[in-house]
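Undergrad: Chains A and B, in that order, give the protein sequences. Going by our numbering, the first residue of the first sequence is number 25, and it counts up by one from there. Going by our numbering, the first residue of the second sequence is number 6, and it counts up by one from there.
The hints are simulated quantities; they were obtained by calculation from the structure and are not laboratory data. Note that the structure is a prediction, hence the values are computed from the model and not measured. Just so you know, even glycine gets a beta-carbon here, dropped at the ideal spot from N, CA and C. There could be a bad hint or two in this list.
What the hints assert, rightly or not - Cross-link-like lysine to any residue pairs, in silico, SDA-like; alpha carbons within 25 Å at most:
(1) A:K102 to B:A89
(2) A:K102 to B:D387
(3) B:K307 to A:N514
(4) A:K505 to B:E85
(5) A:K102 to B:D94
Claimed, not checked - Coverage of chain B stretches by chain A, computed from C-beta distances (three or more under 8 Å per stretch; other residues unrestricted):
(6) 88-100
(7) 175-184
(8) 187-197
(9) 246-260
(10) 399-408
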Amino acid sequence: MKNTIKICLGLLAIGFVSCEPEFDNPVTNDGFYTSGSANVTNYVAVGNSLTAGYADGALYITGQENSYPNIMAQQFAKAGGGEFTQPLMNDNIGGLLLNGTQVFENRFVLAVGASGNPSPVRLIGTPTTEVTTSATGPFNNMGVPGAKSFHLNAAGYGAANPWFARFQTSSSASVIGDAASMNPTFFSLWIGNNDILSYATSGGIGVDQTGNFDPTSYGSNDITDPLVFAGAYSAQVDALMASSTGGVLVNIPDVTSIPYFTTVPAQSIPLDAATAGAINAQFALYNSQVLPGLVGAGIISAEEAAARQINFSAGVNFPIMSDDDLTNVSAILQGPPFNLPAAVAGLLGQLRQANDNDLVVLTASSVLGTTPDPTNPTGVIGVSIPLGDQYVLTAVEQGRVSAAVTAYNATIKALADANDLAFVDARAALAQVASTGVAFDAGVLTSAFVTGGAFSLDGVHPTPRGYAYTANLMITAINRKYDATIPLVNIGNYATVTLSNN
Amino acid sequence: MKKVLVLAVFALATAVMYAGGYRVSLQGQKSLAMGHTGVAVINSSELVFFNPAGLVHLENKLNISAGVSGVFANVAYQNEATGAYAETDNSTSTPLYLYASYKATDWLAFGLGVYTPYGSSVTYEDDWAGSHLVNNIELAAIFVQPTVSFKIGEYLSFGGGPIFVTGSVNFNRNLNRTLTDLEGNRSNVTIDATGINEWGWTVGAMFTPTKELTVGANYRSKIDMNVEDGDATFENIPNSPLTPFEDTTFDASLPLPAEITVGLSYQFCEKWLFAFDVNRTFWDVYESLDIDFANENIPDSKNARNYKNASTYRFGLQYDATKMFTLRAGYYFDESPVQDGYFAPETPRNDSNGYTAGFTVNVGEHFEVDASFLYLHFKEVDASYDYYFENGQAAPFGGTYKNSVFVPGLGVTYKM
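This is chain B alone, in the form it adopts within the complex (with noise of 0.2 Å):
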């Protein structure tokens, strides 16, 4: 088991860009082919990220499930006034989970959980238009959640557990819109920092007052990713005491936002599931992406975010088409928190819908295997960065957006 978590963690350290933000909706395939509904539906170990109150009303004793999702994001720039265009070039990113829970009495369950909920990676061709803001970024976080589930009498159960949280950054962009060497190359900074390591929790409850319906509310608190010493490297920086840059370390903070979803879901027509979520993120925490440099003379970087607080609206349905087949299909709607004038090409978000599908397929008595897809549709967008500033003066950075998702997901689940 022990090997198996490790490994998992290490292939996680690859994340992915898009949800609202930073926020990575992948969590589970049988979930997200319900349009990642789940706090409020009982049919595996995925419930220890969507709801730990649902662990203990699982049938079997022992559940695992793995999975992992082949990301195929991009954001395309455009500027019809300058005629500048732009694309991502990112690597495809496999975002993996881990979840196993057990049984040990009739209320009482214990489960492990290893998943990335927050992750960004973009990176933009070196130099392009919005070089001053980003050239390319990776966020990873890796949560590793012990997890407890109980129920208290016929309708009630609890769930919850403390997460541990490792992150790494990467960053690295152009110091400024002009600034080059006396060769022209222009002068940049890389920020990275690894093994940032933080805690947090979560808890849930679950409400089952007919065999039909199921209601659950599950949070997860907010977690500050607190960089200390990071190293900060300048490149191509002119031979100039005008210009202070020189390698250094950095601290820097940022908030992994604490979120909560509400919801049910019915079982009607004997086959049929449906689940509706609502989740809401507490974005507000994330003010400024504010970059401190331990060198006095390197002035620090200061990115204004402003989010604002958001919301998901799940839908997903389930089909138990045969003994062998089980289908599922969802939506959702998934607010960004960027408000305008914040929009920054290192997480260009705006609202999207997303289109998901999957299935599971019953193979044996003990082992199943999920595959989901995502399709995330966002409208084209004219947004702009206004709160960048030379010598004190706004250069806003704008132009169209438009972003493209693709989630093919693969998934695996015993259980016993």
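Bound conformation, chain A alone (with noise of 0.2 Å):
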């Protein structure tokens, strides 16, 4: 009988120790997933927003979980990648104090309204994360929403950008320098695309500074001097590479094919053929007699008379709009012949009809139509008010963001190869998700705004699927730089919008 136990209890333990079902060749053994000749124990992202993770025009904490960093650095883990840091929000909120004050607004979700239709609001909720104190860094993710490329190199950019100022190493920091005092064994620099963003999404209200080398003379709305960013750019390279066996360089993408200036038609302003009619019987003096009298004067051209030409039909129609682009004729129209009154002259100073090389933010959804003076019902904005020159991105605009982008791509792709190192073409990538589409196992990845699953709730940052789109972009570049095997990850997996109703 004793043996008997022994016996049983000997298969027991036979039973226990022996239980784990191995794999021939488990995916968690050391050597399965190689990082080749790159050595990704210590990654370090440097960017912008892109690279922090934000979204849904915020940063909070599960935006961060899948920013694209986090997310290669996840996959980097299967093959030797080490710990990766992040300068966490304090919640899901969104949102940022400064000394008690928020600075920064909350996150868009997606919110049923009293109509029916979901729709981006902001969620509602006091943010708790306090810049003044935010860990001290550096970390991992060095990605600082708002920076443009020559503001990672200044010393001290905390006192101006209080996103870097909540996890500076000290207020004389610079961001570069922080990045590059965590002696990265591989880096990834996207950093560019605030220097035209900014520009395009005001609608190009700020100043194109190309000719101007002295960024410090440049408001925040404006194009940096293609020369200026290569300087910056190929400054931070260098600090990066000291330590590194490897990197990856990201292009800019052309913004004009991101949701914010897609989702809103040009065409927009509905007018059945009685309105149209007295509308534009309103417009045919300036038609018929003030244009063709400027142009007779030599004040602007016929062609520009043309484009300048208001003329409403029954069905859907382009709103009139102001473009700082045309010949302002405001106070010529006030003196003789013309002897317009100011107010008239104002509304005629720089209007034209809008047209389909426009491009009209997604903010303007908000005003086109809008009556903005209740007293006064025939004042609406886009027929008889026009539309601000910050809604939209008109070609010649568009024509200088695109200017800056091929030059600042030039200058990436350039360093990219004089440093040997892995590159993305972020440019490409994002115009095929916005022409065709990306296909993955259960759909297709575009950039329609709300149901594309590319494209975060602010219309310009991507969702975590887009993230780890990006992720798989950049692990594929460099897979094949570096002779590496490090895994994709399936962005099926990923989520899109948040729903919430406040």
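Can you join these two chains into the complex? Each is in its own frame, and there are hints to help.
TA: And the structure:
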């Protein structure tokens, strides 16, 4: 009997010890995935909001967890990568407090309004992330929302940007200095988007500073001079290369294919025949007398006069708008021979009707067709009041953005080649998302607002799925350049927009 | 007796995962040690389960067998393309059985059995790569079977009886691959039902043309476990009318398929007994696992399974070594009912080879101790479940699976 018990206990013991199923080739084994000739043990990501994991108009924890650097780091960990630290926010509300005062807004969520239609709204709640008490850096993720190329090199940049102030190592630190102090073995650098993005999202109200080499004189919505960009960027590559075995550079996408510019149609003013006729009657003198008169006086060209014609018809019309690239004729119209009243002359000063080449920004949807002065029901934005310059990125303005991006991207590609770094053509990738979409296991990732899956509710920054796709682009480039075998993620496992009613 | 039964039923509520589909073949230590053969083996009251027709052939007036197994079953999953890796964290389950037979006359015997031929218990880490299919599941079904066995003439006997089944199910999965609440917690649903009671039946026949040769057949009916008004609990649901999930009740049905077993045993060289069984389980009744939520705004959950009928081929040997020791060994090949493309991680089953061994120690005249050990060997398999849909588009979930199952078991037999 005693022996029996012993034997049985022995059998039980066998059961305990040999229970774990083992694969012939477990993916968890060292060496199953490799980082090739690169060493990814200490990966540092440098960039702007895209690198930080910013989404839905804010920075918040789950967004940061789905930042492309964090997704990459999780895959790097399967090939020898180490810990990846991020300056995590305090909550999932978004928003940022500076000395108790909210300086950045809460995140957007997709809410169903009284009408029953889902639309992005700011999440209601009190943010709890305070700039002055945030954790001190440096962190592996050195993405700083709002940063332009030359900002990263600026000592004391935290004074101008609370996102960096949150985790700068000292008040005189620069982003690139803190990043380099991490002694990265591998890095990614994606910067330059904001050097044109704020110009574009503001409808081109800034100045194209091409030719001006002094960035301290730039306004926040200006386009950075390409040589200023090149100088800043190449200094950053040098700083990060000092300790790294490799890195990946990412170029600047064509911002005009993001939902912020493609969601609101240029043609947006529905009118019946009677109303269209009545409005046309009001512009009759302008079309038939004023414009030809200006051409006759040699003030504008015949082409400009043609572009400035206002014509409404029954159906959906282009709104009238103010275009700061047109000749401002307001003062002239107040003098002879026109002698128009100041208010009318002001209205006509840089007036034209939008056309198919214009991009109307996402935020215009909340002003188009509205009557800002309730006592004057005929004052309708887009019909009798021109849509402000900040709501339209005109073809001319798009040309400035495009020229700058082309110049920046030439620099980025040249530096990637010169330093033998991996390179991601984000411009081509985004163009593909915007045109044909990118297939994944259960659908297609497109840049359609809300429904496309790639872009978050601010219309500018990716969703987790969009960031996962970005991470895959990077990993693919790294695998190719460094002969590595880091696995990709399944983007279908990553979320899109967040639903929530306040 | 009643108290013992209640106790046994309670303990059986923790069931196990493995064997074709959610069939669990652990219905007797003596039989299990011989490759779970037994449809034509006359050696204990385990016959209540294996073939009631044999009870009347038992020598003793009263036979009682009870046993317990310790099931160490685990599943590992990996996907080389993404580097995903998961291992189940199953608690050790301890299925039990209890059989009693009483020989009333030379030609008539009665029996009673309590056993658990179906069950599944799989626990993955929450939010693992396949969490939209299953986070964890626990199925249990306890069979209670009163039995009669009688002889007709010298060579032929029959037996059978009704089966009362009481079962329970608890199943949790994430609602899909991406939905979370505002804090990033994945939205999930738990369905839970207990006290699911149904009836079935079994019947067997045995032919004993010579003292050495026994031929047997046994059939067990299909039993549909119908859940009505089970509880469906939704967690981490975003606050939005776009997600209509709220706690409700559900109806569902899970078939416990019919099975037929035929086999023979042959006694040779005095001390040796060879047994061979073939099981055929009619799994094709398990077409789909459908969960019908009472709340009409919540889309019903449809999960194609499309099982196919599957067979198990069993071989066993028994050797009466000494008066005190009886040694046993066995092997079986167990076909999986899972078809290509339907490999769902809640019962990740491919074909397996079972190796068994065991012995009985005769302690005195009335008492025996039975021990068995089962090692179920699975090849690692690349498989996928291709019938999960997102917005009408299939999103296959695949990878490499490897199972391991070790089952030591102990039992006692009392005869008088």
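Undergrad: Next, verify each hint and record whether it holds.
TA: Consistency of the hints with the structure:
Using a Cα cut-off of 25 Å, the hinted pair A:K102 and B:A89 holds, with the two alpha carbons roughly 9 Å apart. Distance restraint check for A:K102 and B:D387: the Cα-Cα separation of roughly 21 Å lies within the 25 Å cut-off, and the hinted pair is therefore satisfied. Between the alpha carbons of B:K307 and A:N514 the distance comes to roughly 24 Å, so the proposed pair stays at or under 25 Å and holds. Between A:K505 and B:E85 the CA atoms are separated by roughly 21 Å; this keeps the pair inside 25 Å, and the hint holds.
A threshold of 25 Å between alpha carbons decides the hint, and for A:K102 with B:D94 the separation of about 22 Å falls inside it, so the pair holds. Given a C-beta distance limit of less than 8 Å, the hint that chain A covers the region 88-100 of chain B holds, as 4 residues qualify and 3 suffice. Counting residues of the region 175-184 of chain B whose C-beta sits closer than 8 Å to any C-beta of chain A gives 3, which meets the bar of three, so the coverage hint holds. Against chain A, the region 187-197 of chain B contributes 3 residues with a C-beta closer than 8 Å to a partner C-beta. That satisfies the three-residue criterion, and the hint holds.
Only when three residues or more bring their CB closer than 8 Å to a CB of chain A does the claim for the region 246-260 of chain B stand; here the count is 3, and the claim holds. Counting residues of the region 399-408 of chain B whose beta-carbon sits less than 8 Å from any beta-carbon of chain A gives 6, enough to reach three: the coverage restraint holds.
Checked against the numbered hints above, the structure violates none of them.
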